[in-house]
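As you go down the protein sequences, you meet chains V and S in turn.
At position 254 of the first sequence (counting the first as 1) the number is 254 in this note's numbering, and the numbers step up by one without a gap.
At position 105 of the second sequence (counting the first as 1) the number is 105 in this note's numbering, and the numbers step up by one without a gap.
Take these hints with a grain of salt, some might be off.
To be verified - Just some of the chain V residues that point at chain S, by a computed CB distance under 10 Å:
(1) N3
(2) F8
(3) I10
(4) A55
(5) G56
(6) D79
(7) L320
(8) V323
(9) V332
(10) L352
Note that these hints are calculated values from the structure, not bench results.
Beta carbons are placed, not taken as given, at the ideal position from N, Cα and C, and that holds for glycine.
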Amino acid sequence: MKNIGISFCIALAYLRERKFSAALNVLLLALGVATIIALVLILTQAESRMQRDSAGIDLVIGAKGSPMQLVLSSVFQVDIPTGNISVEEASQVIAEPAVKLAVPLALGESYRGFRIVGTNPAYIGLYGGQLAGGRLWDKPLEAVLGADAAKTTGLKIGSTFNGSHGLSDSGGASHDQAYSVVGVLAPTGSVLDRLIVTSVASVWVLHDHEQEPAAAGASAANPAKDDHAGHDHSKGNEVTAYLVQYATPLAAISFPRFVNATSSMQAASPAMESARLFQLLGVGIAALKGFAAIMMLCAALGIFIGLMNALDERRADLALLRVLGASPMVVVLVTLAQGLMVGLMGVILGLLLGHAGAEWIGQTYAESQRVAIGGRIWVVEEVWIVLAALGLALIASIVPAWRAYRDATPELLASR
Amino acid sequence: MSTPMLVRVVGASCQYQHGHPIRLPDVAIAAGQHTLLLGASGTGKTTLINAIAGLQTLLTGAVEIDGGAFSTLTASARDQFRGQKMGLIMQRLHLISALTVRANLALTQSLAGRAVDYTMLEKIAASLGIQDKLDRPPRQLSQGEAQRAAIARAVVNQPRLILADEPTSALDDHNCEAAITLLLAQAEQYHATLIVATHDARIKSHFANVIQLVSA
């Protein structure tokens with residue numbers, strides 16, 4: 001143990017003596033580690049978020065167009081919808097026995113970048129949402145805020161706000177009619193936190209649909225009525241999409257085909273579209289990971305070259321350690337310790353930079369309220385990245401250490 | 001009762017890489033018998049010192065230290081023995097460049113398996129006039145200061161045997177006198193035996209036992 005302490009002290013002194021090249025190797029390794037760590041953190045959180053946001057949703061029915069766009073806009077609330085669908089036509093489809101639950105979504109409004117979603121209380125139930133205060137809507141133009149939306153906008157129960165046309169952060173023209181906040185939801189860790197939820201009727205009212213308030217104003221107390229609003233009382237009205245839960249797993253085989261074949265709408269599976277999205281992103285992600293791996297390899301090469309050069313300069317020093325009574329193992333440890341210390345410093349710096357980078361990206365995108373990513377979490381994969389980086393540093397040090405063991409003998413000083 | 005021999009070199013020969021075999025003189029030095037190996041360049045002073053220190057592999061013969069066959073020990077055992085029982089001042093000083101003088105001295109104690117005694121380090125440094133150089137790296141020392149630092153390192157473990165190869169050749173008369181006086185004083189204080197190889201005749205008068213080496 002004492003030998004290890006001595007070896008690390010000497011190794012540290014050697015690194016301090018050539019701090020510029022050591023710092024470069026540390027930086028190179030840190031950048032490689034940071035890039036991979038940031039990618040892993042972002043992907044893990046994005047995947048986890050997508051899984052949470054699409055949990056319990058088997059299918060999305062919406063206007064024809066890109067199925068991925070439909071899923072992104074309706075499930076993850078990150079893209080523009082493909083268009084609207086007729087409630088009347090949709091009602092016929094969702095009346096099929098294959099459908100256990102169909103939750104309407106009417107999009108098109110936002111407030112300070114937070115989307116206003118016209119729906120029914122079953123939507124809140126999909127994400128296990130609970131009221132933190134107030135109540136659900138009872139009539140049009142009453143709204144319930146997701147936890148993040150409430151926190152960021154500062155709106156409270158009893159506050160009023162005017163929604164804007166469009167879904168972008170900058171917003172479009174404001175409506176004259178104001179929403180009243182009647183409830184705030186507790187955090188769910190899902191997309192619901194970043195939404196303002198209201199009845200479908202609210203959206204219709206704002207868009208001057210000819211609609212009987214009684215029919216359009218589906219009450220929170222009676223969601224079945226809201227479900228029926230479309231086909232019983234809402235002839236001619238439109239919604240953006242329906243989120244569907246199957247009655248039976250077998251429905252996954254036939255129901256999407258049925259929708260696509262028999263209606264002007266399209267059916268898109270969130271699971272399939274998410275997988276497709278990651279497949280599309282996969283090439284870029286793999287390229288970034290490859291680039292980071294090359295940086296780590298370059299750092300390992302830098303460690304190797306640095307140690308070999310240092311060995312040429314310090315062979316006499318290392319031999320002197322033997323003359324003073326050090327075992328050959330100390331000479332080996334001094335060399336290995338230099339590589340490991342560079343590796344350790346690179347890994348620590350890389351972890352800090354990786355997490356800071358993920359946090360920065362999260363903060364940057366948080367402004368648009370679309371992606372909830374941060375750097376304050378730890379994932380298991382990081383252990384493997386750390387071990388890989390330290391392993392590379394160790395491997396890079398083995399040959400120099402072996403040469404030190406072989407060449408730095410007391411006899412070396414006798415010949416000088 | 002005769003004084004026991006601390007160092008004995010018998011029938012030893014060695015060979016440098018690409019060189020001819022060198023026959024070393026038989027030497028027997030009693031414990032406490034400070035000895036000067038005096039000779040001109042090329043007479044084998046350094047080779048003999050290296051052989052006694054176990055830095056030179058022998059082709060034939062043996063080196064015995066304190067009655068034990070030192071030259072037949074394994075390399076690791078030789079290193080350990082040397083670290084604990086010998087103090088070396090080499091012709092080229094070979095202080096560890098990345099460490100301060102203080103750390104060089106502390107390392108010497110640690111590698112010998114001793115607890116680091118900083119008070120003692122400072123006392124030795126003060127007696128050699130380098131107490132204000134303790135926190136400097138070797139590259140910031142003059143040749144004479146570095147040589148005194150090497151002497152400090154040689155005595156810091158209070159070894160039984162101190163081997164010095166040209167310890168005073170780079171010093172002026174005043175420091176030469178101080179260094180050899182310190183070496184002898186340390187040897188006396190800790191009952192060590194001092195063997196000095198040199199061509200520096202200035203220190204001849206300090207030694208009762210002088211072995212004159214001549215070119216083979």
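Verification of the hints:
no.: 1; hint: N3; in the structure: holds (9 Å)
no.: 2; hint: F8; in the structure: violated (12 Å)
no.: 3; hint: I10; in the structure: holds (7 Å)
no.: 4; hint: A55; in the structure: violated (58 Å)
no.: 5; hint: G56; in the structure: violated (63 Å)
no.: 6; hint: D79; in the structure: violated (59 Å)
no.: 7; hint: L320; in the structure: holds (5 Å)
no.: 8; hint: V323; in the structure: holds (6 Å)
no.: 9; hint: V332; in the structure: violated (12 Å)
no.: 10; hint: L352; in the structure: violated (27 Å)
Consistency with the previously given hints fails for numbers 2, 4, 5, 6, 9, 10, ordered from lowest to highest.
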